[in-house]
Amino acid sequence: MVKNSILTVIVLWLFAFQTSPLLACDGGCDCSAIASVTFDVVRSTITADTLVALIKSDSGAKLIEFRSPSQKKEIRIPGAVIIYENIAHEDLKAKLPEKSSLLIVYPGIEGANIASATENIRQLGYESIIEYPDGISGWLTYGYETIGEKSE
422 MVKNSILTVI VLWLFAFQTS PLLACDGGCD CSAIASVTFD VVRSTITADT LVALIKSDSG
482 AKLIEFRSPS QKKEIRIPGA VIIYENIAHE DLKAKLPEKS SLLIVYPGIE GANIASATEN
542 IRQLGYESII EYPDGISGWL TYGYETIGEK SE
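Start counting the sequence shown at 422; every next residue gets the next number (this note's numbering).
No lab work stands behind these hints, which were simulated from the structure alone. Using N, Cα and C, we set each Cβ at its ideal position, and we do this for glycine too. Hints are supplied without guarantee of correctness; some may be wrong.
What the hints assert, rightly or not - Here are the simulated lysine-lysine pairs, PhoX-like style, with alpha carbons at most 20 Å apart:
#: 1; residue 1: K483; residue 2: K516
#: 2; residue 1: K477; residue 2: K514
#: 3; residue 1: K483; residue 2: K514
To be verified - Derived Cβ-Cβ restraints for the label pairs, each shown as a range:
#: 4; residue 1: K493; residue 2: E548; range: 19 to 25 Å
#: 5; residue 1: E540; residue 2: T471; range: 29 to 35 Å
#: 6; residue 1: K493; residue 2: G559; range: 18 to 24 Å
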């Protein structure tokens, strides 16, 4: 009982300590400053098996492959939209589906920075984004179907 009371006091103290800057305004503060608090978005990732399950479930998930502009191999996961790393914001917006879609972003065979790609997509207002970091290489390792050439 004493442990629970102590734990409760600690949690309440931590809460009060964390929110005290918000409560410090006595009426003469700019309230818009309180509303400007931002939080980091946690990056969600999945495995190849989970990706296959999503594709087979008709979840409506849209596959987005981010490629390096130097990629020569034309291999991709069936149904994926190809977007190159150096794409302009307006062109990126035109290639993406509606904002309510679940997007699964993965790197091409020669790699691409999907963390920055995901951030660019978020800046366009998309919220449901999952990364498949293993990309085509991981997909091929598991022997899943691809479209295009597999070797040179």
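Outcome of the hint check:
Restraint check for K483 and K516: the C-alpha separation of about 11 Å stays at or below 20 Å, so the hint holds. For the hint pairing K477 with K514, the CA-to-CA distance comes to about 26 Å; that exceeds 20 Å, so the pair is violated. With a C-alpha separation of about 14 Å, the suggested pairing of K483 with K514 holds against the 20 Å cut-off. Look at K493 against E548: about 34 Å separates their beta carbons, and that is not inside 19 to 25 Å.
For the pair E540 and T471, the beta carbons lie near 22 Å from each other, so the given range of 29 to 35 Å is not met. For K493 and G559, the hinted distance range of 18 to 24 Å is satisfied, since their beta carbons lie about 20 Å from each other.
The structure is inconsistent with the numbered hints 2, 4 and 5, although it conforms to all the rest.
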